[in-house]
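Quick note, the sequences are listed as chains A and B, same order. Residue 75 in our numbering sits at position 75 of the first sequence, with consecutive numbering throughout. With the second sequence counted from 1, adding 525 to any position gets you our numbering.
You can take every hint at face value.
Calculated cross-link-like contacts (lysine-lysine; reagent style PhoX-like; alpha-carbon spacing at most 20 Å):
#: 1; chain 1: B; residue 1: K715; chain 2: B; residue 2: K528
#: 2; chain 1: A; residue 1: K270; chain 2: B; residue 2: K575
#: 3; chain 1: B; residue 1: K533; chain 2: A; residue 2: K2
#: 4; chain 1: B; residue 1: K628; chain 2: B; residue 2: K528
Restraint-style ranges between C-beta atoms, simulated for each label pair:
#: 5; chain 1: A; residue 1: D157; chain 2: B; residue 2: F564; range: 54 to 62 Å
#: 6; chain 1: A; residue 1: G475; chain 2: B; residue 2: K533; range: 51 to 59 Å
#: 7; chain 1: A; residue 1: G475; chain 2: B; residue 2: W590; range: 44 to 52 Å
#: 8; chain 1: B; residue 1: Y665; chain 2: A; residue 2: D133; range: 52 to 60 Å
#: 9; chain 1: B; residue 1: F662; chain 2: A; residue 2: G463; range: 17 to 25 Å
#: 10; chain 1: A; residue 1: I17; chain 2: B; residue 2: F530; range: 28 to 36 Å
#: 11; chain 1: A; residue 1: L32; chain 2: B; residue 2: E596; range: 51 to 59 Å
What the simulated footprint calls covered on chain B by chain A, stretch by stretch (three residues with Cβ under 8 Å from a Cβ of chain A suffice, anywhere in the stretch; the number is not a length):
#: 12; segment: 566 to 577
#: 13; segment: 657 to 667
#: 14; segment: 671 to 685
#: 15; segment: 692 to 706
If you're looking for bench data, these hints aren't it; they were derived computationally from the structure. All residues carry an ideal CB built from backbone N, CA and C; glycine is no exception.
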Amino acid sequence: MKNIVTFVLSVVVPLVIISLVLRDAARENTLLAELKEEHARPHIPSVDHSKHADLQRDFDNPHEITATCLSCHTERGQEVLGNAHWNWEREAYIEGRGITYLGKKNLINNFCTGIASNEGTCNRCHIGYGWSDNSFDFSNQNNIDCLICHDNSGLYDKARGGAGYPVPGLDFRTITQSVGRPQKENCGYCHFHGGGGNNVKHGDLEMALLNASREVDIHMGVDGGNLLCVDCHTATNHIMLGRYYAVSSENNQRATCEQCHTAFPHLDNKLNEHTVKIACQTCHIPEYAKVNATKMYWDWSTATRREEGLPYQVLDSLGNELYTSIKGDFHWAVHAVPEYYWFNGTADHHLLTDPIDFEDLPLRINTLFGNYQDHGSRIYPVKVHRGKQPYDTEYNTIIQPKLWDPEVNRGALWIDLDWEAALRTGMEYLGMPYSGSHDFVETEMFLPVNHMVSPSDQALQCGDCHTRSGGRLAGIEGAYIPGQTTHAAIDSFGVLLLLLTLGGVLGHAGIRFVLHRRRNRAPAQ
Amino acid sequence: MKKVFIYKRYERFWHWTQAFLVLLLTLTGFEIHGSFTLFGFETSVNLHNKAAIALIILIVFTAFWHFTTGEWRQYIPTLTNLRAQAAYYVTGIFRNAPHPTRKTLLSKLNPLQRLVYLGLKILFIPVMVASGLLYMFYRYPRAGAIESLGLAELTPVAYIHTLGAYIMVAFVLVHVYLITTGHTLTSNLKAMITGWEEIEEEGDSGGGENTNKD
Numbered sequence: 001m002k003n004i005v006t007f008v009l010s011v012v013v014p015l016v017i018i019s020l021v022l023r024d025a026a027r028e029n030t031l032l033a034e035l036k037e038e039h040a041r042p043h044i045p046s047v048d049h050s051k052h053a054d055l056q057r058d059f060d061n062p063h064e065i066t067a068t069c070l071s072c073h074t075e076r077g078q079e080v081l082g083n084a085h086w087n088w089e090r091e092a093y094i095e096g097r098g099i100t101y102l103g104k105k106n107l108i109n110n111f112c113t114g115i116a117s118n119e120g121t122c123n124r125c126h127i128g129y130g131w132s133d134n135s136f137d138f139s140n141q142n143n144i145d146c147l148i149c150h151d152n153s154g155l156y157d158k159a160r161g162g163a164g165y166p167v168p169g170l171d172f173r174t175i176t177q178s179v180g181r182p183q184k185e186n187c188g189y190c191h192f193h194g195g196g197g198n199n200v201k202h203g204d205l206e207m208a209l210l211n212a213s214r215e216v217d218i219h220m221g222v223d224g225g226n227l228l229c230v231d232c233h234t235a236t237n238h239i240m241l242g243r244y245y246a247v248s249s250e251n252n253q254r255a256t257c258e259q260c261h262t263a264f265p266h267l268d269n270k271l272n273e274h275t276v277k278i279a280c281q282t283c284h285i286p287e288y289a290k291v292n293a294t295k296m297y298w299d300w301s302t303a304t305r306r307e308e309g310l311p312y313q314v315l316d317s318l319g320n321e322l323y324t325s326i327k328g329d330f331h332w333a334v335h336a337v338p339e340y341y342w343f344n345g346t347a348d349h350h351l352l353t354d355p356i357d358f359e360d361l362p363l364r365i366n367t368l369f370g371n372y373q374d375h376g377s378r379i380y381p382v383k384v385h386r387g388k389q390p391y392d393t394e395y396n397t398i399i400q401p402k403l404w405d406p407e408v409n410r411g412a413l414w415i416d417l418d419w420e421a422a423l424r425t426g427m428e429y430l431g432m433p434y435s436g437s438h439d440f441v442e443t444e445m446f447l448p449v450n451h452m453v454s455p456s457d458q459a460l461q462c463g464d465c466h467t468r469s470g471g472r473l474a475g476i477e478g479a480y481i482p483g484q485t486t487h488a489a490i491d492s493f494g495v496l497l498l499l500l501t502l503g504g505v506l507g508h509a510g511i512r513f514v515l516h517r518r519r520n521r522a523p524a525q
Numbered sequence: 526m527k528k529v530f531i532y533k534r535y536e537r538f539w540h541w542t543q544a545f546l547v548l549l550l551t552l553t554g555f556e557i558h559g560s561f562t563l564f565g566f567e568t569s570v571n572l573h574n575k576a577a578i579a580l581i582i583l584i585v586f587t588a589f590w591h592f593t594t595g596e597w598r599q600y601i602p603t604l605t606n607l608r609a610q611a612a613y614y615v616t617g618i619f620r621n622a623p624h625p626t627r628k629t630l631l632s633k634l635n636p637l638q639r640l641v642y643l644g645l646k647i648l649f650i651p652v653m654v655a656s657g658l659l660y661m662f663y664r665y666p667r668a669g670a671i672e673s674l675g676l677a678e679l680t681p682v683a684y685i686h687t688l689g690a691y692i693m694v695a696f697v698l699v700h701v702y703l704i705t706t707g708h709t710l711t712s713n714l715k716a717m718i719t720g721w722e723e724i725e726e727e728g729d730s731g732g733g734e735n736t737n738k739d
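This is chain A alone, in the form it adopts within the complex (with noise of 0.2 Å):
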């Protein structure tokens, strides 16, 4: 008894105290509570343009209304025309190219190709005015349209197949006089409309960011953090933060989450040593497209299909184009999972001049760079968008149709519904060579996912990837993930040894039992 109480009192009752005090105590995060703090406090504008004596007027010509902020904002002119939102192109060094002038302006994509001989629409999403063919003179500040980003009044339009100008008869005396910072309707305006229609091409970027809740975003979310675009996306001198590696190809001025979060965001240090290998959106975006349905397949080789000499479409029950014949064969998804990558911030591109490889199909439209080794790399969500594209059979390029024209009989397939046409008149206006036979590649496009961030209780679990089969990062090669990665030779050799071992245990108890039962009964015969 004696003893006993020795004990308790010598060995159990310090390393009571020894624990109780090593105890980690309940932590709060401040830094969360600081960040919602700081982005409570309202934006307050430095300047009213409504009292403005220059604005106190009407306008009738968009340029005379770039030329009128350009005389106040001296220098934000030269800034816009030198960055990429003006440009849609970048000087950017690609490992295997060199420097390369890439960007929206000359790239493909496995939406509509390209916009090369398309520009009277795509360029409708061009911050200025009148990119309507190669003739566009980039460096004439009054073509910038200032309005796009900066119209708070919400009366703003462009128009379809303008080319980047107005819709006619707006407001404009309401409308310079509204302006300031870009919200969410301005970026939008373009972002959320990428590929064609809401959401058909980011699927993390749509409509319903616009007035969301905390649950599809929670940084954007009107019950979550209220975020702008810029709030994230900041700016200097017109360069914003941010890039998208469908156009983009270095790893510098990206929008992090890091800038506001830091690299050491969670309580855990679990997590927090995640965060070398996983990128903050794999666990943080466990799913994207939680309102609308994004195009996740476009096949355009299905295109050009008539009914009753009519061109025709299908649509799902929520109203998504299932098929058109200007466009093919679609599948869109909703409450999308995404694949996921290694991804180090730099990405290639398939250009039009590049030969195909079809013993590497489908055809990467880009190719997102990274792998388990690379100290830069981290595993991220993309939304992989697969599809087919025209391609020239004797030449073993991509081809760009063209797809829009005010007019019939001009070549566009929209219009049209000539493929042959299309392609040459394309090609033609690309000046590159078409041979008159074509044919449709599989293709594959990566988008990484960065928006739509879920509340923190709806981030990925540590199930979600450490299981051994069907976990999210099944794909993932390289890294060694606990309860997911095995090695067959091990496992066989571990099991085997356990059921050797257990054999011979229970053989050797057995053979005892029998002898052991025969002696006892021997001596009564």
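Starting from the structure of chain A, add chain B where the hints point.
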């Protein structure tokens, strides 16, 4: 039949604490490996890490105990009777032959045990502890950042640790079975609980199972 005192109080505390920790490490470890679902992955990781730290503390205390009490001498390997001990398990035990060695407080391990436990102590446990610590700390937080031990990858560490885990389970299976090979089926177990073990008298040819006289 006589009773001798074999296992001191610390020794028994060490043994059963270690038994509990190894059981917990095995259950949580194989759940982390993905072999089955029991506590849930997150709980298993936390339990595994805590049990590992507890085991390491126990190992440090026990090493201290071994050296201060001189108990480490129990593990000095010997060839004497090694063959006889092996023969006992292969044939003698079935014939009800006497144990070839005699357990005393000063020599509580038979020659086979000496060899196996020495191997456990100087090879197996260090490898498991080292691979476990690397697994735990190949990345670690320090001053608001994540530092790295500079391992190129976790894979070989994890493979070694997993392989060791299988060997550990095999050891425990045999170990648990061998409990029943004492003077009686339960005499070894009783000894590890009370410290006192019933052993054969000099010249007593009666083995474990021939226990009518008990």
